[in-house]
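For chain A, the structure is supplied; the task is to place chain B on it using the hints.
Protein chains in written order, with my numbering: chain A, 127 to 339; chain B, 155 to 419.
It is worth saying that the hints were derived from the structure and are not from the lab. Positions of the beta carbon are idealized from the N, C-alpha and C atoms, including for glycine. Accuracy of the hints is not assured; some may be wrong.
[Unchecked claim] Here's a subset of chain B near chain A, in silico, CB distances under 7 Å, partners left out:
#1 A318
#2 G323
#3 D325
#4 H409
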Amino acid sequence: MQSGSVSAAPDPTEALHIANVSKGAGFPALTLTIPAGECVVLSGPSGVGKSTLLRLIVDLDPGIGSARIGNRIREEIPAYEWRKMVAYVPADSGWWAPRVSDHMSDESRARSLLAPLGLPERLMASSPDDLSSGERQRLALIRAMIRQPRFMLLDEPTASLDPATARLVENEMIRATKNGLGLLVVSHDPDQIARLSDRHYVLSATGVAGPLP
Amino acid sequence: MTPVELSFSDFLIAASSLLIASALSVRLSLRMHAPLVVAALRMIAQLVLVGIALRYVIAASRAPVTLSVAALMIAAAVREVHSRQKHHFSGWRRYGLGGLPVAVSAVFITGLALTTALRQDEWLAPQHAIPLIGIILGTVLNSTSLALNTMLDKIHRERRAIEAQLLLGADRRTALREISSAAAHNGLIPVINQMAGAGIITMPGIMTGQILAGMDPLAAARYQILLMLLLAGAGALSVVIATRLCIASVTDHRHRLRLGRVAQD
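Okay, chain A solo, but in the shape it has when bound:
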C-alpha cells in the first residue's frame, strides 16, 4: 500500500460533493452532497446502476462528472489517496491473502470491531474462503473502517445478514456517523432506510429523485 498522505490537513467537517457523476450519455447521473456525520441512502430497482455509481465516485471506473471533498478535487489528487478518504465496500468484496488478519492494516483495531459486529475472534486466523458470505461482508466493512476514511460508500452492507445481525451492523454505522463519518448506503430495505437515512434518494433510469420526505 502507498504510505503517503495528502498534503493539506483534512477538515473533518468538509462534505463530499458529487456532481453529475455518470457512466456517460444515456446513463443516470448522480448529484448530491454527503455532509460529514450524515447517512445518505440510495435505493432503486436492481440493475439501474447504483453499484456503478459507487464505483464511479470512488474512481474505480472511468466516467463523467466530478467529485470533491471541500476544495480537494478528485482528479487533482492521486486515485489511491482519494480512495483512502472515500472508501467503497462492494456487496461481495475480494480477498487476496491466506488469512483474514493478513488483510487488516491494524489488527488490534480490527479485533475491537469484531464483537460489535457479532463476529468471533477466531475468524481473524481463518481463510476468507472458509467463511460465510455474511462473515466476509462484515469483515470487509471492518477492513475498510480501520483505515479511518472520511466517507464510506456501502453497497447493500447487510444483504447477506439475518435481521438481528443486520441491526448490529446498522448500530455500528450509526455510531460511526456520530463520530463524523459520512455514509452513502445502497439499500432496498424500507425499514433499514427509515432507521439509517438522514436523506433518501431513489435512482431510476431517468435520474435521481430526492431527497424523499
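Just chain B now, with coordinates in the frame of chain A:
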C-alpha cells in the same frame, strides 16, 4: 571439426520410429498419426528451406541482408507470441504487448553477445548472428508467452481481489505485485529448468550438436555455458518488460483496472 555426412538411408532409419508410432496410432485409434506426420513434414520443409536461404545469406555476407533476415525472424516471433495468447488487446497493445519484450530483449542480448563474448572480425557475420538471434528468440518467445498468459489469466480470475486492494488505497503496481511475480516465475520456468537439468538430466542441443560434429566436449560445454547465460538474461529481460507493459496495459493513470481493453478467446 568435420561435419557428419548423412545419407538418405540415415534419414529413413531416423524416421522409422515415427513411422512405427504412426502405425500404432492407426492400429490403436489414437488419432495422433496425422498431426505427427504433418508436423514432421512441415519441420523437414522448413529446415530445408531455411538451410537453402541461409546458404545464400551467408554467401552474400552483407550487413543489410543479415539485418533483414533478423528483422523477419523477430516479426515472426512477435506474431507467434500474439497467436499464443488467450487474451487479446486492441490498438498498439495488440502486437506491442508481446512484441516489445521479444524484440527489445532479443536485439539487446544478441547485440551484446556479438559485440563482446562472441565477437568476430565482422560482428554481423550471418553465420554467427542469425543462429544466435534464432536461439535467443526461441527462449524469449516462450518466456514472454508464458508470463503474459499467466498474468492475464490471473488478472481475470482475481479481479475482485485486485480491486479490493485498489479500494484500500494500493497503487496499481502494489495491487498487481503478487500476480506479476507469479507471471515472471512462470515465464522463467523453462529457462531455469534448462539450466538446472543441463548436463545431468538433458544434454543441451547446441552442445550435443557440437560434440556429434566432432568438437572437444569441454570446448562445447564452455560454449553452451555462455549461451545459457545469454538465454537466461534474455528470458529474464523479456519477462520484466512483459510484466511491466502488462500492468500499464490493464490499468490506467487513475489506478483503475481496465479489463475492457482485453478480449478473451
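Hint check:
{"no.": "1", "hint": "A318", "verdict": "holds (4 Å)"}
{"no.": "2", "hint": "G323", "verdict": "holds (4 Å)"}
{"no.": "3", "hint": "D325", "verdict": "holds (5 Å)"}
{"no.": "4", "hint": "H409", "verdict": "holds (4 Å)"}
Violated hints: none; the structure is consistent with every hint.
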